[in-house]
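Student: What follows is the residue order along each chain.
Number of protein chains: 2
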Amino acid sequence: MNTKNELTEVAKKIAPFIHKTPVLSSSAINKMLGLSVHFKCENFQKMGAFKMRGAANAVLSLSKSEKSKGVVTHSSGNFAQAVALASKMNRIKATIVMPSSAPSIKKEAVIGYGARVIECAPTLQAREETAERVILETGATMLHPSNQIEVIMGNATAGMELFDQIGEPDAIFTPVGGGGLLAGTALAKKGFAGGVRVFGGEPSGADDAHQSLKAGFIIPVENPKTIADGLRTSLGDVNFPIIKELVEDIFLVEESEIVDAMRLVWERMKIIIEPSSAVPLAALIKNKSQFAGQTVGVIVSGGNVSLNALPFS
Amino acid sequence: MNTKNELTEVAKKIAPFIHKTPVLSSSAINKMLGLSVHFKCENFQKMGAFKMRGAANAVLSLSKSEKSKGVVTHSSGNFAQAVALASKMNRIKATIVMPSSAPSIKKEAVIGYGARVIECAPTLQAREETAERVILETGATMLHPSNQIEVIMGNATAGMELFDQIGEPDAIFTPVGGGGLLAGTALAKKGFAGGVRVFGGEPSGADDAHQSLKAGFIIPVENPKTIADGLRTSLGDVNFPIIKELVEDIFLVEESEIVDAMRLVWERMKIIIEPSSAVPLAALIKNKSQFAGQTVGVIVSGGNVSLNALPFS
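Residue numbers (our numbering), protein chains in the order written: chain B, 208 to 520; chain S, 208 to 520.
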């Protein structure tokens with residue numbers, strides 16, 4: 208495929224359904240790190256996360272007949288809201304399978320966007336079986352939060368916009384959970400900014416991508432433990448080859464480093480970022496000497512946090 | 208005086224020392240209120256609050272001989288940091304009198320900006336006496352956080368920028384504590400946007416400005432009780448006449464309404480605003496029917512909150 212042309216098409220297609228988000232920087236943080244960080248603020252994206260980009264592209268890529276039958280996904284996080292909103296904007300029926308353990312505020316948000324919510328037991332098996340049942344009953348198309356090429360290409364538009372806004376940085380950092388944002392950003396590099404080095408930041412408590420990249424094959428995460436709730440999922444077989452080809456390294460960070468980076472952004476930049484978004488910054492801080500004096504892009508993946516359960520004390 | 212020309216001079220003078228802050232809006236909040244709100248984000252200002260504008264103008268307005276002797280102020284809040292930073296930028300000695308009860312993080316911030324901190328007992332009398340002593344010993348010039356025309360005119364530049372950025376709104380709301388921001392915004396209206404209606408938002412637990420405007424003379428606040436820590440001070444005799452002439456009304460809000468408005472901005476806009484900044488939005492929400500369909504500017508005064516003591520539960 209011609210990455211540049213395809214991504215240009217994707218960006219054009221989803222433009223009416225997403226925000227072009229701002230790029231912010233902080234002289235205090237730059238001074239502290241001895242380099243120049245540009246934060247691509249997807250926390251200001253519609254529904255509060257980059258997931259809107261991938262969901263919009265996935266929904267818009269459906270055939271007319273697929274659109275008429277609707278979509279289904281299982282998620283308790285940002286992708287659920289993204290699919291609900293992207294579907295609503297395109298008058299497509301959306302069914303979201305959510306574990307019964309998901310916070311009611313998340314269910315309400317999805318329902319608020321007009322989607323149908325089906326609850327299931329809080330296991331991956333139950334989620335998959337419930338989604339299967341919906342597909343059998345309605346003919347709906349399954350959308351995957353990260354391991355689907357349309358989603359990955361939609362995600363790529365965040366990096367594309369960043370390169371357009373600040374020019375080509377020396378390096379770009381994203382969080383890595385399922386791998387959809389990191390793979391998308393890698394495609395953006397391939398298509399538009401060949402000289403950029405691409406890095407992932409990953410919590411030590413959910414280090415499957417780091418391990419997989421080292422091993423050369425996918426090692427699924429077992430029993431992930433991290434405050435970065437968006438990064439507890441495993442790398443997928445669609446995005447892993449892209450990451451293997453184009454990503455230079457995946458840095459691990461500890462929980463306290465994630466909270467410190469999150470606090471730094473809240474206090475210095477006065478913007479709300481979710482724990483997952485603090486992971487690439489924490490990785491950059493930890494490895495700052497490697498990037499001394501350079502220009503580094505950081506994709507701030509989202510800003511959806513529960514204000515009743517913050518990690519500051 | 209010719210307000211327009213004088214304020215244009217002030218804006219030019221302080222421009223190198225401040226940020227031109229962005230104006231943000233939220234379609235969710237607009238839909239909720241049935242009007243169009245434009246938030247002037249002084250939480251993104253240098254040191255995190257609009258106070259930088261007034262402090263910069265006050266420092267820059269000193270004579271050469273005054274500059275050589277330095278400045279002094281007593282404050283435990285944003286003005287202390289603003290004077291410290293504005294002085295540092297202009298290589299002027301600054302002494303900040305702070306009550307011994309002020310959080311150590313605030314003292315450290317002021318010291319970090321290179322100012323000298325003198326602690327005193329946590330009473331207004333002790334603060335004033337200590338500042339007097341500094342003036343006697345050093346010849347320093349006293350700067351007042353809100354009741355000084357140079358400070359008020361510096362503050363006016365926030366409103367001026369907003370009018371420049373979005374055109375003339377139907378109304379503009381600011382918080383009111385000492386009255387420096389409200390009076391400044393009223394001057395901005397006088398000089399640049401005659402048709403704008405100017406309103407203040409004030410906590411019921413510190414309602415001296417509301418009472419004073421009704422009575423026609425200053426009624427000082429006694430025993431103020433509000434989460435909006437920046438608004439516990441009384442209106443001054445320099446800004447009161449300006450407010451009396453140009454401000455249409457001061458709306459009162461309850462503590463729960465302040466917290467609700469603050470939460471709304473944090474959750475919907477993903478930006479950090481301090482409780483004082485939520486007061487004008489709370490006032491607008493409470494009186495939204497009066498402004499149905501209109502365009503309203505809200506000056507977000509600052510974003511300095513202690514993440515360890517948030518009002519959400």
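Heads up, some of the hints might be wrong.
Which copy? The list can't say, so a pair holds if one copy fits it or any two copies do.
To be verified - Dumping the calculated DMTMM-like pairs for lysine to aspartate or glutamate here, alpha-carbon to alpha-carbon at most 20 Å:
hint, residue 1, residue 2
1, 219, 456
2, 238, 315
3, 271, 456
4, 313, 467
5, 397, 273
6, 397, 436
7, 211, 456
8, 271, 315
9, 493, 273
10, 238, 452
11, 295, 273
12, 295, 462
13, 220, 273
14, 274, 467
15, 271, 336
If you're looking for bench data, these hints aren't it; they were derived computationally from the structure.
Student: Look at each hint and say if it fits the structure.
Tutor: Evaluation of the provided hints:
With identical chains, the CA atoms of residue 219 and residue 456 are never at most 20 Å apart, being 30 Å at best within one copy and 47 Å at best between copies. In this assembly of identical chains, residue 238 and residue 315 lie within 20 Å of each other by CA distance solely across copies; the values are 18 Å between and 42 Å within a copy. For the homomeric pair residue 271 and residue 456, neither the shortest alpha-carbon distance inside one copy (40 Å) nor that between copies (56 Å) is at most 20 Å. Taking CA atoms no more than 20 Å apart as the test, residue 313 paired with residue 467 passes between copies only; the shortest distance there is 19 Å, against 26 Å inside one copy.
For a Cα distance limit of 20 Å, the shortest separation of residue 397 from residue 273 qualifies neither inside one copy, at 31 Å, nor across copies, at 59 Å. For a Cα distance limit of 20 Å, the shortest separation of residue 397 from residue 436 qualifies neither inside one copy, at 29 Å, nor across copies, at 51 Å. In this assembly of identical chains, residue 211 and residue 456 lie within 20 Å of each other by CA distance neither inside one copy nor across copies; the values are 23 Å within and 56 Å between. When the C-alpha separation of residue 271 and residue 315 is checked against a cutoff of 20 Å, the pair qualifies neither within a copy, at 29 Å, nor between copies, at 62 Å.
Taking the shortest alpha-carbon separations for residue 493 and residue 273, neither the intra-copy value of 46 Å nor the inter-copy value of 46 Å comes in at or below 20 Å. Proximity of residue 238 to residue 452 under the C-alpha cut-off of 20 Å is found in neither arrangement, the shortest distances being 33 Å within a copy and 45 Å between copies. Within a single copy, residue 295 and residue 273 get their C-alpha atoms as close as 15 Å, which meets the 20 Å cut-off; across copies the closest is 63 Å, which misses it. Within a single copy, residue 295 and residue 462 get their C-alpha atoms no closer than 36 Å, and across copies no closer than 36 Å, so neither meets the 20 Å cut-off.
With identical chains, the CA atoms of residue 220 and residue 273 are at most 20 Å apart within one copy only, with a shortest distance of 18 Å there and 61 Å across copies. For the homomeric pair residue 274 and residue 467, neither the shortest alpha-carbon distance inside one copy (44 Å) nor that between copies (39 Å) is at most 20 Å. For the homomeric pair residue 271 and residue 336, neither the shortest alpha-carbon distance inside one copy (26 Å) nor that between copies (78 Å) is at most 20 Å.
The structure is inconsistent with the numbered hints 1, 3, 5, 6, 7, 8, 9, 10, 12, 14 and 15, although it conforms to all the rest.
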